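Peer 1: Residue-level listing of the chains:
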Amino acid sequence: MEKSLDELAGLLDGTVIGDGNIRISGISSLDKAKAGDLTFLANPRYASKVASSLASAVLIPKGVPCPGKSCIEVANPYLAFAKTLTCFLESPAHPGVVLEGAHVGKNVRMGKDVTVYPGAYVGNDVTLGDRVVLYPGVVLYDMVAVGNDVTLHANVCVRERCRIGNRVIVHPGAVIGGDGFGYAPDGAQWYKIPQVGIVIIEDDVEIGSNSTIDRAALDVTRIGRGTKIDNLVMVAHNCVIGEDCVFAGQVGIAGSTRVGNHVTLAGQVGIVGHVKVGNNVTIGAKSAIASDAPDNVQLSGIPAYPHKDWLKVSAITPRLPELRKNVAALEKKIRELEEKIASLA
Amino acid sequence: MEKSLDELAGLLDGTVIGDGNIRISGISSLDKAKAGDLTFLANPRYASKVASSLASAVLIPKGVPCPGKSCIEVANPYLAFAKTLTCFLESPAHPGVVLEGAHVGKNVRMGKDVTVYPGAYVGNDVTLGDRVVLYPGVVLYDMVAVGNDVTLHANVCVRERCRIGNRVIVHPGAVIGGDGFGYAPDGAQWYKIPQVGIVIIEDDVEIGSNSTIDRAALDVTRIGRGTKIDNLVMVAHNCVIGEDCVFAGQVGIAGSTRVGNHVTLAGQVGIVGHVKVGNNVTIGAKSAIASDAPDNVQLSGIPAYPHKDWLKVSAITPRLPELRKNVAALEKKIRELEEKIASLA
Amino acid sequence: MEKSLDELAGLLDGTVIGDGNIRISGISSLDKAKAGDLTFLANPRYASKVASSLASAVLIPKGVPCPGKSCIEVANPYLAFAKTLTCFLESPAHPGVVLEGAHVGKNVRMGKDVTVYPGAYVGNDVTLGDRVVLYPGVVLYDMVAVGNDVTLHANVCVRERCRIGNRVIVHPGAVIGGDGFGYAPDGAQWYKIPQVGIVIIEDDVEIGSNSTIDRAALDVTRIGRGTKIDNLVMVAHNCVIGEDCVFAGQVGIAGSTRVGNHVTLAGQVGIVGHVKVGNNVTIGAKSAIASDAPDNVQLSGIPAYPHKDWLKVSAITPRLPELRKNVAALEKKIRELEEKIASLA
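Same order as they appear, the protein sequences are chains A, B and C.
Residue numbering for the first sequence is 1 to 345, as defined by this note's numbering.
Residue numbering for the second sequence is 1 to 345, as defined by this note's numbering.
Residue numbering for the third sequence is 1 to 345, as defined by this note's numbering.
The following block holds chain A by itself, in its conformation from the complex:
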């Protein structure tokens, strides 16, 4: 597939500077681009590399001088790069049928062009929207509902009655709707509280490899529209996660916690149960949220406090032995002063 620079500029909401008829057939980095490729200058520091790049044209940020090649000027070259990459992407062609070796239960409603690969299992009373792709090893328990344009990669499991929206991608091995971790003490032993709720994954969510989203005890664990979850993340039962959040790898959120919209959790963050995190909150890597967090804050630490304070504390912590020595020296000096003063008095 080829597109002219003019066509691409239209798709990217950008402005061509130079020859809009140039034919583009791919996108690559400054170093690796070849003739026919579009490349991109995300960081003006690398402007000097543009001249020597073999690329046929360049995506540049608005206002950066055009460096001797035809260009598309855009507001956000990184986003424009992503969109161009998507445009030239050859998506895998799925056959759009249930293949031999797949299991499909009773009373399954299927949309158009659904692909069920060999070794996938679809339980009874499941609903699948249009263009759903179930890779090998996917297991949908009974009464699961899946929207349109959903891809469930190999060995994803969705347990009974859970519901998945449109344009959701779940990466290999993720588990949606496993039992929440709930027990009541019964003397020395633990009595299992049946987990009869469900999980709802809203539209445009992406869930990383081997992550686990537990079903609610009674009600719903919810992942809000557009939220992106990385690998090996744990969301416990009854959590309600807002829209357009980003959770990096190995994040863990304990039960019944509510997270607002546009919340960013860096890698290995933990949040305790039963707290409320506001909107537009950013938590630094490896931090622990142990109480409610208001809107619009940046927190770090175990437990977390304002990130700018954490930076200062982090600089001081390795020097605690020195601080303690200084205090001990002061104690000695004060004893000496006390003696001197006593001798003067």
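Just so you know, the hints here were simulated from the structure itself, not pulled from any lab data.
Note that this is a predicted model, so its numbers are computed, not measured.
A few of these clues could be false.
The list that follows gives simulated cross-link-like pairs (lysine-lysine, DSSO-like), each with its CA atoms no further than 30 Å apart [claimed, not checked]: (1) K308/B x K276/A; (2) K192/C x K112/A; (3) K332/B x K333/A; (4) K34/C x K3/C; (5) K325/C x K308/C; (6) K192/B x K276/B; (7) K49/A x K34/A; (8) K34/C x K325/B; (9) K325/C x K308/A; (10) K62/C x K32/C; (11) K192/B x K192/A; (12) K106/C x K112/A; (13) K332/A x K325/C; (14) K308/A x K276/A; (15) K332/A x K333/C; (16) K312/C x K312/B; (17) K312/A x K340/A; (18) K62/C x K192/B; (19) K34/C x K49/C; (20) K332/C x K308/C; (21) K325/A x K332/C; (22) K3/C x K62/C; (23) K308/C x K312/B; (24) K276/B x K34/C; (25) K333/B x K312/B; (26) K192/A x K276/A; (27) K333/C x K308/B; (28) K69/B x K32/B; (29) K69/B x K49/B; (30) K308/A x K325/A.
Use these hints to put chains B and C onto chain A, whose structure you have.
Peer 2: Then chains B and C, alone, in the frame of chain A:
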């Protein structure tokens, strides 16, 4: 299914106050209960909501005044709630046979009413007790032994020779008996130590989604009776875990560590290898246990120390910059005092 | 299988002291060894147990006095133990064919003695070397390439075009080549950056249960020769990991980070994205690497600093409340001194 309030009180070891003939068909929260439901008052703060609830009866703690509805008075309403929920639960009906599309190897001994779903794999010389359920994608390697009333959810893997007790539940994607992580240095490279031991999962254990319990190098990795393990937990080779423990999500325990009975590990806790943790120990979230811990302690921190000290330290840590400033101010004042004293002498 | 002590000494590059004709049929610990077994004395502390062991012979470190049994003297008894264990190991016998119930796609090239178990799925245009074993539930997407003597355990997923070297072992549930976690902000929402790169796993690598190695955005995520990765580890897109590294359980490495050779990461370590870690670096458990690390350092802490300093800081931290009290006491004393001096002047 319906039960009278009297019947339920019998099951729950409680006392009816009011009309024991009321018919109950389900259980729900104060807010969501409808006619025919039992509801529960776990927290006396919400007593005022009881009158307006549509529930037909209420579980109440002993000694709390009965709020104008028929009640069952119980010692622990949360436990009673869990038991009632279990009582009304419609468990999935399994066909109790090996379904088409399942693989069962040679010399497999099976109890009564065993269900093997399509896509499950049972190796040779495996033993399965009564009423075992193997969901799609479950893989049992050769010579695995499984007790009665065990449910292995989708894509669970149990490797060769591992043994699972009675009434065990393993959630989707968990791995029992993967190789322990053992290598001997051989010059610059690592020589793999064959992991020829096994895992034994005792009765009434529950293991969360995508958790991994490694087989021992030579001997046994053991999870004690009644212990409950959440998602994405790692128990390394040769660990011996006691009874009735609770390990929250993303806990990791390194090799050859021994954990006592009734030990609670909060989320993301790590324990180093080759240590011994006593009975009735509680470790705070994200903490690291780096040495032996005696019985009956509560620890937090990296590395961990008494939890009540950790609370104080956590309050001080964000104010370290202030502490350092105070020390610097003292140093200045002492220099001034020294000068003054020198001038006086 | 039996070997004479002389034969074993040859294999282990050791020296027999005593009767080289003794027949050995297994290896076990001092306590559990029976007649016919070799045992090993890794720690001279246990020398007194040798006499009472039922073992027929003992592996001893060079220079340790021979304790009344025939011995093989070796440089590294732990390594010799591992090699002897391997020598007596009965590896599972695989049939070396594609079994019924396995799916093999079009245009798959297979070496000699390849075993594909029921329920494994091999996509189109896949290449498998000699003696590859694919356990049930393994899913290889299209165009995957696998070298010789590779074992992929149950439910391992390798996504399209990823390449796996020779003698690689991947444990159950691990995911190779899942999408990297890359999004460009597009107003309030996140635009997915297609992840069109691959993963290359070099020779002699081992990857633990349920670990995830993400494919690169454009290029290659690489795990270097001989590196050993434990369970539930996350390696993000575009990372380049060196040779002979050891990553313990639940380690997480963010995107585009480069790790040198012989790097040891203890359990639950995190490394941020876009940094460079040198060769022969050791990072303590639960630590966070937030910036470049040079060769030959030992670091701990969040964020990390030299391990020997961390040990000191860790000893002081629990006593911060005391330090703060001491500083407050000093402040009081200084005020008193100031008053006294004022009265003297």
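Peer 1: Next, verify each hint and record whether it holds.
Peer 2: Going down the list of hints, with the structure as the test:
1. With a C-alpha separation of about 25 Å, the suggested pairing of K308/B with K276/A holds against the 30 Å cut-off.
2. For the given pair, K192/C sits about 24 Å from K112/A by alpha-carbon distance, which is consistent with the 30 Å threshold.
3. The straight-line distance between the Cα atoms of K332/B and K333/A is roughly 12 Å, inside the 30 Å bound, and the hint therefore holds.
4. Annotation: proposed proximity of K34/C to K3/C holds, straight-line Cα distance about 16 Å (limit 30 Å).
5. The straight-line distance between the Cα atoms of K325/C and K308/C is roughly 26 Å, inside the 30 Å bound, and the hint therefore holds.
6. A distance of roughly 26 Å separates the Cα atoms of K192/B and K276/B; the hinted pair therefore holds under the 30 Å criterion.
7. Among the hinted pairs, K49/A with K34/A is consistent with the structure: their alpha-carbon atoms are about 14 Å apart, no more than 30 Å.
8. At roughly 67 Å between alpha-carbon atoms, K34/C and K325/B are farther apart than 30 Å, so this suggested pair is violated.
9. A distance of roughly 26 Å separates the Cα atoms of K325/C and K308/A; the hinted pair therefore holds under the 30 Å criterion.
10. The hinted pair formed by K62/C and K32/C meets the criterion: a straight-line CA distance of about 23 Å does not exceed 30 Å.
11. Of the pairs offered as hints, the one joining K192/B and K192/A is violated, with about 40 Å between alpha carbons and a cut-off of 30 Å exceeded.
12. Between K106/C and K112/A the CA atoms are separated by roughly 25 Å; this keeps the pair inside 30 Å, and the hint holds.
13. The straight-line distance between the Cα atoms of K332/A and K325/C is roughly 16 Å, inside the 30 Å bound, and the hint therefore holds.
14. Of the supplied pair hints, the one linking K308/A and K276/A holds, its CA atoms being roughly 22 Å apart against a limit of 30 Å.
15. Straight-line distance between C-alpha atoms of K332/A and K333/C comes to about 12 Å, which keeps the hinted pair within the 30 Å bound.
16. At roughly 19 Å between alpha-carbon atoms, K312/C and K312/B fall within 30 Å of each other, so this suggested pair holds.
17. For the suggested pair K312/A and K340/A, the alpha carbons sit about 38 Å apart, so the restraint of at most 30 Å is broken.
18. Restraint check for K62/C and K192/B: the C-alpha separation of about 22 Å stays at or below 30 Å, so the hint holds.
19. With a CA separation close to 14 Å, the supplied pair K34/C and K49/C stays within the 30 Å bound.
20. For the hint linking K332/C to K308/C, the alpha-carbon distance of about 34 Å lies beyond 30 Å, and the restraint is violated.
21. Among the hinted pairs, K325/A with K332/C is consistent with the structure: their alpha-carbon atoms are about 19 Å apart, no more than 30 Å.
22. Distance check on the hinted pair: K3/C and K62/C sit about 22 Å apart at the alpha-carbon level, within 30 Å; holds.
23. Taking the CA atoms of K308/C and K312/B, the gap is near 25 Å; set against the 30 Å cutoff, the hint holds.
24. For the suggested pair K276/B and K34/C, the alpha carbons sit about 29 Å apart, so the restraint of at most 30 Å is met.
25. For the hint linking K333/B to K312/B, the alpha-carbon distance of about 28 Å falls within 30 Å, and the restraint holds.
26. The hinted pair formed by K192/A and K276/A meets the criterion: a straight-line CA distance of about 26 Å does not exceed 30 Å.
27. Proposed proximity of K333/C and K308/B is supported: the alpha carbons are some 29 Å apart, at most 30 Å.
28. For the proposed pair K69/B and K32/B, the alpha carbon gap of about 16 Å is at most 30 Å, so the pair holds.
29. With a C-alpha separation of about 12 Å, the suggested pair K69/B and K49/B falls inside the 30 Å cut-off, and the hint holds.
30. This hinted pair checks out: K308/A and K325/A have alpha carbons roughly 26 Å apart, not beyond 30 Å.
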